[in-house]
Amino acid sequence: MPVQRRGAAVEIAALRREYLSGQGRVVAIDHVDLKVAPGEFLCIVGPSGCGKSTLLRILAGLDKQTSGTIKVDAAGWAVENAMVFQDSGLFPWMDVQTNVRFGLDTRGVSREEADPRVEAALKLVGLTRFRNHYPHQLSGGMRQRSAIARAFVTDPGMLLMDEPFAALDAQNRVILQGELVRLWEQTGKTVIYVTHSIEEALLMGDRTVIMTAQPGRIKQVIDVPFPHPRDLLQLGSSAEFGKLKLDIWRVLEEEVNRARAEMEK
Amino acid sequence: MTGKTQERLLYLISPIGLIVLWQLLLMAGIGDRRFVPAPSDIAWRYWEMVASGELAKHTAVTLWRVFAGFFLGSIPGIAVGLLMAMFRPVRIFFDPLIASLFPIPKIALMPLLLLAFGFGDASKIALVVTAVFFPVVVNTYVGAANIERIYWDVAKNYGASQSVIFRRIVFFGALPMIFAGLRIALAVSFIVLVAAEFVATKVGIGYMIWNSWELLQVDVMFVGIVTVGVLGLIATVCLQEIERRVIPWKAE
Numbered sequence: 001m002p003v004q005r006r007g008a009a010v011e012i013a014a015l016r017r018e019y020l021s022g023q024g025r026v027v028a029i030d031h032v033d034l035k036v037a038p039g040e041f042l043c044i045v046g047p048s049g050c051g052k053s054t055l056l057r058i059l060a061g062l063d064k065q066t067s068g069t070i071k072v073d074a075a076g077w078a079v080e081n082a083m084v085f086q087d088s089g090l091f092p093w094m095d096v097q098t099n100v101r102f103g104l105d106t107r108g109v110s111r112e113e114a115d116p117r118v119e120a121a122l123k124l125v126g127l128t129r130f131r132n133h134y135p136h137q138l139s140g141g142m143r144q145r146s147a148i149a150r151a152f153v154t155d156p157g158m159l160l161m162d163e164p165f166a167a168l169d170a171q172n173r174v175i176l177q178g179e180l181v182r183l184w185e186q187t188g189k190t191v192i193y194v195t196h197s198i199e200e201a202l203l204m205g206d207r208t209v210i211m212t213a214q215p216g217r218i219k220q221v222i223d224v225p226f227p228h229p230r231d232l233l234q235l236g237s238s239a240e241f242g243k244l245k246l247d248i249w250r251v252l253e254e255e256v257n258r259a260r261a262e263m264e265k
Numbered sequence: 266m267t268g269k270t271q272e273r274l275l276y277l278i279s280p281i282g283l284i285v286l287w288q289l290l291l292m293a294g295i296g297d298r299r300f301v302p303a304p305s306d307i308a309w310r311y312w313e314m315v316a317s318g319e320l321a322k323h324t325a326v327t328l329w330r331v332f333a334g335f336f337l338g339s340i341p342g343i344a345v346g347l348l349m350a351m352f353r354p355v356r357i358f359f360d361p362l363i364a365s366l367f368p369i370p371k372i373a374l375m376p377l378l379l380l381a382f383g384f385g386d387a388s389k390i391a392l393v394v395t396a397v398f399f400p401v402v403v404n405t406y407v408g409a410a411n412i413e414r415i416y417w418d419v420a421k422n423y424g425a426s427q428s429v430i431f432r433r434i435v436f437f438g439a440l441p442m443i444f445a446g447l448r449i450a451l452a453v454s455f456i457v458l459v460a461a462e463f464v465a466t467k468v469g470i471g472y473m474i475w476n477s478w479e480l481l482q483v484d485v486m487f488v489g490i491v492t493v494g495v496l497g498l499i500a501t502v503c504l505q506e507i508e509r510r511v512i513p514w515k516a517e
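Protein chains in written order, with the numbering used here: chain A, 1 to 265; chain B, 266 to 517.
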């Protein structure tokens with residue numbers, strides 16, 4: 001289903017999130033300034049504890065910043081954002097189609113309108129035959145497909161994805177990465193995709209934001225030069241891709257060494 | 266013979282063995298049959314009481330009291346437990362009440378309930394209600410309070426209202442624990458009811474047991490005890506079957 005309109009635009013300025021823990025005040029993210037263009041596929045990469053999930057949770061409305069502003073322009077979209085969680089977050093007590101319909105039910109969409117949309121979303125992720133299965137009867141890959149369908153069905157201006165494929169085996173991960181990029185190319189939604197894998201970020205995204213830990217700050221923003229549509233397998237084994245990956249690793253290596261030297265001082 | 270049927274047969278060996286041993290000892294003249302009837306005496310008396318309709322009369326009354334009390338106690342128990350998990354003020358209100366009232370032996374309330382509800386069924390049902398409420402409310406609360414955070418996150422992110430969260434997330438998330446509470450409550454309701462029927466009633470299995478003690482009809486006493494056990498077993502199996510159907514997502 002080719003869509004002409006572009007996804008939501010996001011403008012994040014001077015975002016800071018701190019919280020109190022046993023040891024005192026912890027700054028999860030600080031000085032985060034970021035603009036996301038409509039329809040962009042943006043990846044956020046960083047080590048654990050760099051606040052990338054916190055940033056995503058604030059965008060999803062599940063957490064609140066301490067200071068700073070977020071402006072989202074999702075005009076013309078039914079729903080501002082929908083999140084896909086690492087551990088699918090499918091409700092175990094609902095079958096696949098009920099899970100997928102959830103975001104429509106909560107917004108009072110009638111059954112007559114919802115059913116064809118659920119149907120289309122299931123078809124989009126190839127789960128039509130499994131609509132009456134419960135999550136525990138599905139493989140990890142199918143569960144994530146269902147979660148993606150549940151997000152797409154609400155027609156969000158922006159998809160927020162928190163390491164959605166991290167728990168999958170390598171084969172399923174490659175397959176789902178390809179499917180997600182294809183879906184994105186077809187629908188024009190804005191995607192903000194959090195991952196700890198630089199390779200995954202470069203494969204899928206238009207831009208990659210690299211964050212550093214404690215406090216979580218943006219270290220570098222990389223424009224990924226590869227055009228869409230992409231063949232991820234071919235891209236992943238190309239020389240240009242290997243070169244870009246190596247350059248970034250070099251930068252990160254420096255950063256890690258500097259941080260270590262700092263700690264040993 | 267498959268392993269499963271073999272296991273089931275093995276399961277029966279200890280109770281059957283005990284009954285056979287009991288019968289043999291009495292037939293050998295060890296023990297006084299007036300005070301300790303043989304299984305065959307009990308079976309004979311059981312048959313008599315079934316045939317005369319006496320056992321059915323007592324059983325029907327006991328069952329009615331158990332089930333009325335079970336439903337009237339567990340439904341508010343489930344509701345209060347869910348509300349406690351969702352709303353802090355509700356929890357703060359009920360926590361001290363539950364902590365102080367749960368440990369009171371419910372049978373100690375019988376005189377009070379007789380005052381309040383009289384000698385009819387109502388006082389016995391009320392007693393079962395008080396006994397059932399607490400295990401159900403505690404289990405429901407624990408089940409609902411321990412729903413994984415990700416489900417709350419999903420519900421919130423997908424725009425669920427409080428009422429949707431209540432009906433579609435908290436209730437179902439707590440359901441396995443609710444059933445754990447119901448199983449305990451079912452056993453407890455038989456326990457307190459039979460005790461309550463010892464006094465202040467002229468019908469029911471508890472009355473039948475107590476009355477046979479006064480008449481020194483030890484075999485009737487055993488008929489009553491066995492009947493309570495069998496009823497409890499059947500009720501538990503029924504509840505498990507309901508649970509299996511209501512919670513189809515529980516992995517086999």
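Don't read these hints as lab results, they were simulated from the structure.
Only a predicted model underlies this, so the values are computations on that prediction, with no experimental measurement involved.
Some hints here could point you the wrong way.
[Said to hold, decoys possible] List time: in silico BS3-like cross-link candidates among lysine-lysine, alpha-carbon distance up to 25 Å: (1) K64(A) / K243(A); (2) K219(A) / K71(A); (3) K64(A) / K35(A); (4) K64(A) / K515(B); (5) K71(A) / K421(B); (6) K219(A) / K64(A).
[Stated by the list, open to error] Pairwise CB distance ranges, derived in the manner of DEER restraints: (7) W312(B) / Q137(A): 47 to 53 Å; (8) P513(B) / K245(A): 32 to 38 Å; (9) A78(A) / F352(B): 45 to 51 Å; (10) I340(B) / Q137(A): 29 to 35 Å; (11) Q137(A) / N411(B): 46 to 52 Å; (12) V355(B) / F226(A): 33 to 39 Å; (13) S365(B) / N132(A): 33 to 39 Å; (14) L233(A) / P513(B): 54 to 60 Å; (15) I512(B) / K245(A): 44 to 50 Å; (16) T270(B) / Q171(A): 38 to 44 Å; (17) P513(B) / R6(A): 39 to 45 Å.
We put the CB at the ideal spot given by N, CA and C, even for glycine.
*Quick one: which hint numbers does this structure break? Sort them smallest to largest.*
1, 4, 8, 9, 11, 12, 13, 14
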